[in-house]
Amino acid sequence: MEYLQFLIIILFSPLLNGIIKKFKAYVQGRTGPGILQPYYDLIRLFRKDMVVSVVASWIFKATPYIVMTSVIAASMLVPVITLKSPFGIIGDVIALIYILALGRFFMALAGLDTGTAFGGEGSSREMTVAILVEPMMMLSIFTAAISAGSTNITRIAETQSMFYSPSHILALSAFIVAVIAETGRIPVDNPDTHLELTMIHEGMLLEYSGRYLALMEWAHYIKQMLLFTITIDIFFPAGISHSTEIYGLALSSGVYILKMFFMAVSMALIESSRAKMRFFQLPSLLGGAFVLALLSLLMFIMMGGK
Amino acid sequence: MIPENYFFAGILFFLSGAVMSCIVPRKAKNYTYVLSAIGAVSLIISGLYLSAGAQIHILSIPISSTLEFLFQGDALSGFFLTVISILTLSVSIYSIGYTKNIDNKGLMGFLYNLFILSMYAVILSGNIITFLVSWETMSVVSYLLVTFNRDEKSANAGLLYAVMTHIGTAFIIVLFLALYKYTGHMDFSGIRAASAGLPEDLKTLVFIFSIIGFGTKAGIIPFHTWLPMAHPAAPSNISSLMSGVMIKTGIYGFIRISMDVLGHGPEWWGIVIIVIGAVSSVIGVLYALMEHDIKKLLAYHSIENIGIILLGIGSSMMFGSNGMYTLSAIALIAGLYHTLNHAIFKGLLFLGAGSLMHATHTKNMEDMGGLIKSMPYTGLFFLIGSISICALPPFNGFVSEWLTYQALLLGFNAPSITSKIISPLGGAALALTGALAAACFVKVFGISFLGVPRSPHARDAKESSASMIAGMTILALLCLLAGIFPGTVISIISPSAIALTGSNGNISYNGFLSISRTFSSLSPAAIFISMLCTGIAVVVFIVAAGGKRKTVYGDSWDCGMPSLTSRMQYTATAFTKPVRVIFKKIYLPKRELSISYILKPLFVKSMKYSGEITPFIERYLYEPLTIFIRNTAAKAKILQSGNLNLYLGYILITLMLLLIFGI
Chain A
196 MEYLQFLIII
206 LFSPLLNGII
216 KKFKAYVQGR
226 TGPGILQPYY
236 DLIRLFRKDM
246 VVSVVASWIF
256 KATPYIVMTS
266 VIAASMLVPV
276 ITLKSPFGII
286 GDVIALIYIL
296 ALGRFFMALA
306 GLDTGTAFGG
316 EGSSREMTVA
326 ILVEPMMMLS
336 IFTAAISAGS
346 TNITRIAETQ
356 SMFYSPSHIL
366 ALSAFIVAVI
376 AETGRIPVDN
386 PDTHLELTMI
396 HEGMLLEYSG
406 RYLALMEWAH
416 YIKQMLLFTI
426 TIDIFFPAGI
436 SHSTEIYGLA
446 LSSGVYILKM
456 FFMAVSMALI
466 ESSRAKMRFF
476 QLPSLLGGAF
486 VLALLSLLMF
496 IMMGGK
Chain B
340 MIPENYFFAG
350 ILFFLSGAVM
360 SCIVPRKAKN
370 YTYVLSAIGA
380 VSLIISGLYL
390 SAGAQIHILS
400 IPISSTLEFL
410 FQGDALSGFF
420 LTVISILTLS
430 VSIYSIGYTK
440 NIDNKGLMGF
450 LYNLFILSMY
460 AVILSGNIIT
470 FLVSWETMSV
480 VSYLLVTFNR
490 DEKSANAGLL
500 YAVMTHIGTA
510 FIIVLFLALY
520 KYTGHMDFSG
530 IRAASAGLPE
540 DLKTLVFIFS
550 IIGFGTKAGI
560 IPFHTWLPMA
570 HPAAPSNISS
580 LMSGVMIKTG
590 IYGFIRISMD
600 VLGHGPEWWG
610 IVIIVIGAVS
620 SVIGVLYALM
630 EHDIKKLLAY
640 HSIENIGIIL
650 LGIGSSMMFG
660 SNGMYTLSAI
670 ALIAGLYHTL
680 NHAIFKGLLF
690 LGAGSLMHAT
700 HTKNMEDMGG
710 LIKSMPYTGL
720 FFLIGSISIC
730 ALPPFNGFVS
740 EWLTYQALLL
750 GFNAPSITSK
760 IISPLGGAAL
770 ALTGALAAAC
780 FVKVFGISFL
790 GVPRSPHARD
800 AKESSASMIA
810 GMTILALLCL
820 LAGIFPGTVI
830 SIISPSAIAL
840 TGSNGNISYN
850 GFLSISRTFS
860 SLSPAAIFIS
870 MLCTGIAVVV
880 FIVAAGGKRK
890 TVYGDSWDCG
900 MPSLTSRMQY
910 TATAFTKPVR
920 VIFKKIYLPK
930 RELSISYILK
940 PLFVKSMKYS
950 GEITPFIERY
960 LYEPLTIFIR
970 NTAAKAKILQ
980 SGNLNLYLGY
990 ILITLMLLLI
1000 FGI
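Order-wise, the sequence lines are chains A and B.
Under my numbering, the first residue of the first sequence carries the number 196, and numbering increases by one thereafter.
Under my numbering, the first residue of the second sequence carries the number 340, and numbering increases by one thereafter.
Hints are supplied without guarantee of correctness; some may be wrong.
Claimed, not checked - Some chain A residues close to chain B (C-beta under 8 Å, calculated; not the full set):
no., residue
1, Ile284
2, Ala303
3, Ser345
Calculated directly from the structure, the hints in this document are not laboratory data.
Beta carbons are placed, not taken as given, at the ideal position from N, Cα and C, and that holds for glycine.
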């Protein structure tokens, strides 16, 4: 059981996206598609033939597989419903971020591979956002890692000792901004548009079709749920089971579903209440989050590690 | 005796390689590089023996009653010997094919061997005199190699290199003289034994001079200016050696003097090194990102990686001065691990760049493109090098950066508040560096290897010769192996760590790399296996679940406009535009747009756009300095009137002053 908890993320990630979309539609006064719509989309795409550009090299064809591999390998490192995660010791949160970065590296290369301006534009913007997000994300995790004395996620979740101290709240808010940016949500990127001038993530995927597109989309859903799960594990792990007995797991699953629902609702609310920012305004948002993470760390040190 | 035998055999191979180049210059490529490759293998074995411990005495040649040339080795020299030899092996094999079409084959072969021998001499020097002679030989030979392509650009780059490296050497000479004066010893072991009694001020002076002296060779900011000029000017096999290992002799010298000979200094030494490391890594990669000359770009990345190495070494010094020897060893292992990794992947990338230039006759990325189809092997190896340098798993860069992160996070355990704050900030700088490096290598690989060829040369490019590919294959494999089996690499490093810090870092590595004090664990091998299995599972799942579907090939999406051209692709300049805008306070970009009209304002005849960034260290530090020196020199001209009597007068005055004050 504990070996397979990463399957929860892989299987239910499209559902999570469906729920966020549904809730967003509700807030905006629309009916919106059903919460299972992402599954239908994926199945439809898997059944379609593909059109591949003649310019594309093997990088373009390998990328969907590499991206999918990277998000699944990263998911294995994360405790979902029990901390007795056997994969927890093979890699820590730094490894996780760098494995995800491997996927992004190839996605950006694939954007440049077809020789169009859209792909290049998407790659350029994606890497720029990553430049701003990665240090901030690391720094906000550092606070948690230092207080736990470890960068392993299971260990951080086990020894979360800085509950609801000021530094905890600051680090959490910085991390949420990082998650928004990494999942390509408003105000950083708009997941619902293919408008050339604004797209970041979609720009890189423009040339993909059929099962390649399905893989890329699914990988994106998994990455989103994975990042939500890390947020939960690092910043409010209370309620997660420490063992593998059935009763504890059931309780832990319930708590997990509640937290995930809370995350989904918050994301939908943030997305509905904000407008997408101009690309060159992003540094002020992400830079601000960096300062929050920095403050969190300084406060943690000044208060003598509490 | 085994290490000595292999050592002398290896040195003989290099010497005979050099001699062969002189005897049969035209056939040099057939003999010289094969001999140096065999020599390198022999020295790898010797280096591995040496790095396992025990100081050995190699050779001493007395020149007078008090002076001798002394060569000896310990674990640290052994480690650097191994690093240099590994890269030398691959570069030698690569050079067989690479030097086929160059002029002066004999001279190249001769200098090549001499250059490698001089690097060995530097790391094996046992006393001050030997070190300085070897150091100077290395500088002069590398200068000759930088100016090997006899054009104006190389000459200028060579001149700048010669000036900078001699400023560095001047500082090294002063620090050695100071050490000699206060300890009375010429050999490093003697100075080490007497160093405890040195006055604090002198230690600080030696430390600062060693940063400037060795830092100039290593290319730390702000002493880096020569590096992005000189490395690209040399032929690519030489750039590979210069960037991969020659700048590491600066790191070696710094460790030898500031950590080994001086022992533990005050805490601020380590903090200064961490700050220098953080600044060098971020500024280095920022400038790399703006560069379109592929070799210049790689040279800037060397500055970045030296910075990352210094983050590890600085943390090690900081822990050492606080008496936390286990943590000090972890940090030192991180720094040395990155030293090895950088030699491997930067060597690989420079060789790849050499192949690209060989095939496309240009260094400018904007004229490449689509090369992965015409040069599949070079493309694959360059990709592996790029992934490694971006510290992405499962390749080697990731492991050493992971260790560096751990070392920096452990800085929280240091007692002083400054170290507690500076260390995690170093970690944030490392994260920023990693993200910038990833953006940079997406640019390098994406613009030069992917898309549509951007010039006729790129369209007609051919794959490199077999020996060039073989040279790169070795390094690419090592990138993967050093990324999956960190235990083996650490077992080579840990004797040096024990010698320098008194601890092996308690990193247990039976399959896992786990840092003591329950800090963290990582198993690169397990991550690799899980990625491999997942990858296979994904492919199997897609084939099984999706069945067989048709793939149609068509043009890229062109918005309905007919036929995209290669000029409509994203360029390297466009790719980095957002970064240029965001970091404009650092880049100080300038742009010029001149439009000539047929009829203003509607009918434009032609438009000319140019943009450049201002390298602020060159502009605001070196330019005023150069002007100041020139002005001072112009004023000093008054003294140099050319009148013999006046000069005799100077001598008389000097003598009188000496007599008055000297006695």
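If any of the earlier hints don't hold here, list their numbers in rising order. none
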